[in-house]
Amino acid sequence: MSKAMNGATSLVKSLESAGVDVMFGIPGGAILPAYDPIFDSSIRHILVRHEQGAGHAATGYAQVTGRVGVCIATSGPGATNLVTPLADAAMDSVPMVAITGQVPSAAIGTDAFQEADIRGITMPFTKHNYLITNPDDIPRAIAEAFHIASSGRPGPVLVDIAKDALQKETTFEWPTSINLPGYHPQLTPDSGAIADAAALITQSSKPVFYVGGGVIKANANRELLQLAELLGAPVVTTLMARGAFPDSHTLHLGMPGMHGTVAAVTALQKADLLITLGARFDDRVTGKLSTFATNAKVIHADIDPAEIGKNRFADVPIVGDVKETISALIPALKKALEKNRPDLTSWLRQMYSLRSTYPLGYDTPADGSVSPQYVIERLGKIAGPDAIYVAGVGQHQMWASQFVSYEKPRTWLNSGGLGTMGYRSRLQLLIMNHLEWYASGRRSSMKVAIQIPILNQSAYQISQCLQKRWVVLV
Amino acid sequence: MSKHTLSVLVENSPGVLARVSGLFSRRGYNIDSLAVGPTENPLISRMTIVINVEGHPLEQVIRQLDKLVNVIHIAEVIDSKSVQAELLMVKISATPKNRFDVEAVVETYEAKIVDEDATSITIEATGDTAKIADLLSALERFGIRELVQSGLIALERGSVTLSERTLSTSGIPIANGVQADYQN
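Residue numbers (the working numbering), protein chains in the order written: chain A, -10 to 463; chain B, 22 to 205.
A hint or two may mislead.
[Stated by the list, open to error] Straight line, CA to CA, 30 Å or less: simulated DSS-like cross-link-like pairs of lysine-lysine:
(1) A:LYS259 - A:LYS157
(2) A:LYS259 - A:LYS286
(3) A:LYS397 - A:LYS195
(4) B:LYS88 - A:LYS299
(5) B:LYS24 - A:LYS299
(6) B:LYS88 - B:LYS24
(7) A:LYS286 - B:LYS88
(8) B:LYS24 - A:LYS277
(9) B:LYS133 - B:LYS102
(10) A:LYS277 - A:LYS195
(11) A:LYS286 - A:LYS323
(12) A:LYS328 - A:LYS370
(13) B:LYS88 - A:LYS277
(14) A:LYS2 - A:LYS195
I should point out that these hints are in silico values taken from the structure, not numbers from a laboratory.
One chain only, chain B, in its complex shape (with noise of 0.2 Å):
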């Protein structure tokens, strides 16, 4: 197994995501999670790939997702030198007999209660990939109903950015106003 988390900035414009799924299921490339949204320029949206790069080299993947008009830069992202998380969403069966142990999990895991009622509790948690399997292995016993949860989305530790790092030099206005060159 080889997963690598990738950081990807791309033109917010239609047909996007097709773009880039598309290349990776034509490819054979296995996506774990990709997740995307806006981010503090309205012209870019990034995306968050995890990949699982068994058979395939990571740079090949890596040059044939950069061959896509619309993406402008890739990052790899380093576990140790980034934040990362994931979102969880819950249903879990309750009883007003077990209703104490389920607050003693999500107490353990930062995790908070965000809907319930008679029969169930639907709970909330954030963190990274490994957390949330915890989490899910400890609310088993209680009986998972349902459950929806997001990509991994990651950041860069320190003051260094990637939009700031790479926007500048590709011809896009950067987040604070600051005009980059916008000649070819």
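Looking at chain A on its own, in the form it has when it is part of the complex (with noise of 0.2 Å):
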């Protein structure tokens, strides 16, 4: 049934229908048509202080929940203060939508007041985007807009609209199918490459695992469990995956990378097969590509075909969704075990024997203070697994994520790819002052605190420790 109504109140009952619970947001001139039907919805819109704080919260709530973030802004530089949370969740695959509202239709390339061509801007970094001048539109392009930023891998999409597109009378229909020709990502691994993988890693006698932020996206950490102990191979978890494989467990050797464990670079660095899982080689964990992992081969898992073969050729590539690949690969890595185990023990021994002589530590000063580094290891023990860490970005992000012992998928969030600079501040005062949203699903008994450190640093301490000691590795 469709019913008469402007635009706003179709982009409104469009974004009830792709089931938004939650947006963030400034309004403006363009947008301000929006405003007026969010009053009467039942979305909780959270007023923000700025834009990029708005993406960022939008980024959180998407990183936790899972589901997908909504931020919406104004024309020109409301738009354009969007930007960089754009970029962010683009590297980091965050499903994020941004709404955004766009001068009158026809103003559009006047130079009008507020006028920012936001879509010609954000194209390099959403997944798509779209600019909509016709209010019948509106409901086609935010279906699509949810449909491509949460399914496939996820990312950020824009949808700016047109000021008179949100004045202008129109009905609304929500469409009941979705149809993107050039659109379909492949859920669904290969069954003979899962063959070849398994047949791979029964032939590998220093086989790991390297598993990226993919595994969380895809909810796949029961998956990877359950993997890892079949085979019995120890695993690594970047920066994006803490919390998809816990800490505690014995074949956890930790991070790997510039700001890793001595376990789990070395474990990269002499294997001879990376199982790697929804990773993607990313310069901060390979360092120079042609010298990183040398004898490995490499089984690569990704639900994006362009990041196979990108920066690390793989023996046997697997494209489909890491959950699906990981599912697949029990049965069939199940079967080759049992004709032939490799024996893992001495790998494994010398692996643990890295990790008990080379620990994360830290120097306590000699003055008595107290070192950044207990603060935050001591606020993991007091808070324990099911606490959500948020980071900015520099040395207390790497602290954060090598001093607080990670259990869950979700509990970490940080700006990995980017490497966004107020990431934290921007998303923890504002999200972390409005958690009653997710606490209703997600722990009901949970209580709200927010525990923000206040580290003295007085510098840009991580630039420092790069000039000092990991300038060559860059």
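Put the two chains together into one complex; each comes in its own frame, and the hints tell you how they fit.
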């Protein structure tokens, strides 16, 4: 049944139909018509003080809940302030929909007041984006935006809507199907590739699970645990995958890469097989590619075919949803292991020995002051594995990834790929003050408490660190 | 040098060219030429892109391109299995003295004279990249005053069509009115 209404009401109805319960934003001229129907809707609008905060809050919402995060801003400066969080969400594959107002369609292209070509600006770092000038297109664009943002490799989608499209009369009809002829993410892995992967694993005597953020995005942590225990091979979790595999698990060697543990880095370097699950061979993990894991064959499972072979050749490429991939790999591997189970004892012994010889550590200041690492470590112990930890970017972020013990997925939020300073302050202050929305669904008895440790570093210390120690690696 | 020709079927919607060219520029891929135009299907445009993929595996370029939501299908065009053509218009200096020589060159290359006046001749020619290059070097001695050239377009030989092969499975009705599956 279609009903007459204006474009703004159609927009809000569309957002409701897409299942939006909360959105973050700031009103302004071009988007103002949309704010009237928001009052009457079931959607909770959280007013922020800067659009970048709205964007990061939407990201945080998405990272914690697994749902699409939504932010809303006006045209021009409102929209351009969303550029950084959109780029951030694209880098970290976060499902997000940004709604922006645009100047009236007749004024587009005239350098009108508060006009910015936000669709053009955000093309490089949105999964897709729209400029809507006809109110009849609103439901379809919103339906497609949510579908694209949340399916396949998740990412941000921007829907820019001209003010007159919000004001004009239209009818609302929520599309029953989505027709995107150029968009068909492959979810089910090829069975031949799964068989090849299982065979390669049984031939390996030094395998490592190289686990990336995709495992968390695909909610595949349980499957990963099963697979890792089935093979009994060591696991490393990247910055985006902290919590995908319990830190307390014997097989876990910690985080690899520039800021990783000795055991995790060595495991990748000395491995004869990388079982790569939802990771993308980022330069912070690999360092110089030509010297990275030179003796290892690679199984690379990712939902994005463009990631496979981008940085590192994959001996066995597997395109598909990583949850489906692991679920298919478990029985295939079980069968293969029955015939031929490689002996990983000496490999594990080596890695465990490295882990105990070179644990993560820090110096206690001689003057009796408290070291920041200690503060973070204590905070982690006190708040425990159910708390959600949010970091900004820099040295404290690395400490927070190292000295908090993550046991569960979606408990660690940070800006990994883009390295957005201010991610935490914008996000934490906003979201953590408005926790009811997800507490209801996730942990009904959760007490909302915000701890914001302020560490006096008196410098951009990660830059100092890079200058002093790691400059040769970059 | 590693040149490849891609036929790319895209949705006929605003901004598609910007998305494609933006992708090439931000990932550092080199476009030699790009030609875009309508097809037999009003919903679809077709781009013919000649790329030089030195330093980037062709596969990676195709996969990145395929991530664009508006890109429906990408096929590599093999030279020997396709007909290819560029369009050239070139204005050369002409005097009554050399006019006969110019006409001889034009005839050799199956080009045609489309405009002339007392001091210039404008020649139009179509052909594959090599033929157009040869024609230009043959015309050089007359003095090239201005030239404009289109990108390469290409079509597979034989009765198979890219549109029929791909569109019917991607939820777009194909040209001859056959309604393809519109359901997702």
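Do the hints match the structure? See the list:
1. As the CA atoms of LYS259 (chain A) and LYS157 (chain A) are separated by approximately 64 Å, the hinted pair breaks the 30 Å bound.
2. Distance hint between LYS259 (chain A) and LYS286 (chain A) is fulfilled; the C-alpha atoms sit about 11 Å from each other, no more than 30 Å.
3. Distance check on the hinted pair: LYS397 (chain A) and LYS195 (chain A) sit about 26 Å apart at the alpha-carbon level, within 30 Å; holds.
4. For a cut-off of 30 Å, the pair hint linking LYS88 (chain B) to LYS299 (chain A) stands: about 14 Å separates their Cα positions.
5. Restraint check for LYS24 (chain B) and LYS299 (chain A): satisfied, since their Cα atoms lie roughly 20 Å apart, inside the 30 Å limit.
6. As the CA atoms of LYS88 (chain B) and LYS24 (chain B) are separated by approximately 22 Å, the hinted pair is consistent with the 30 Å bound.
7. The straight-line distance between the Cα atoms of LYS286 (chain A) and LYS88 (chain B) is roughly 27 Å, inside the 30 Å bound, and the hint therefore holds.
8. For the hint pairing LYS24 (chain B) with LYS277 (chain A), the CA-to-CA distance comes to about 28 Å; that is within 30 Å, so the pair holds.
9. As the CA atoms of LYS133 (chain B) and LYS102 (chain B) are separated by approximately 27 Å, the hinted pair is consistent with the 30 Å bound.
10. For a cut-off of 30 Å, the pair hint linking LYS277 (chain A) to LYS195 (chain A) stands: about 22 Å separates their Cα positions.
11. For the hint linking LYS286 (chain A) to LYS323 (chain A), the alpha-carbon distance of about 20 Å falls within 30 Å, and the restraint holds.
12. A hinted pair counts as satisfied when its Cα atoms are at most 30 Å apart, and LYS328 (chain A) with LYS370 (chain A) does not qualify at roughly 44 Å.
13. For the proposed pair LYS88 (chain B) and LYS277 (chain A), the alpha carbon gap of about 27 Å is at most 30 Å, so the pair holds.
14. The hinted pair formed by LYS2 (chain A) and LYS195 (chain A) fails the criterion: a straight-line CA distance of about 54 Å is larger than 30 Å.
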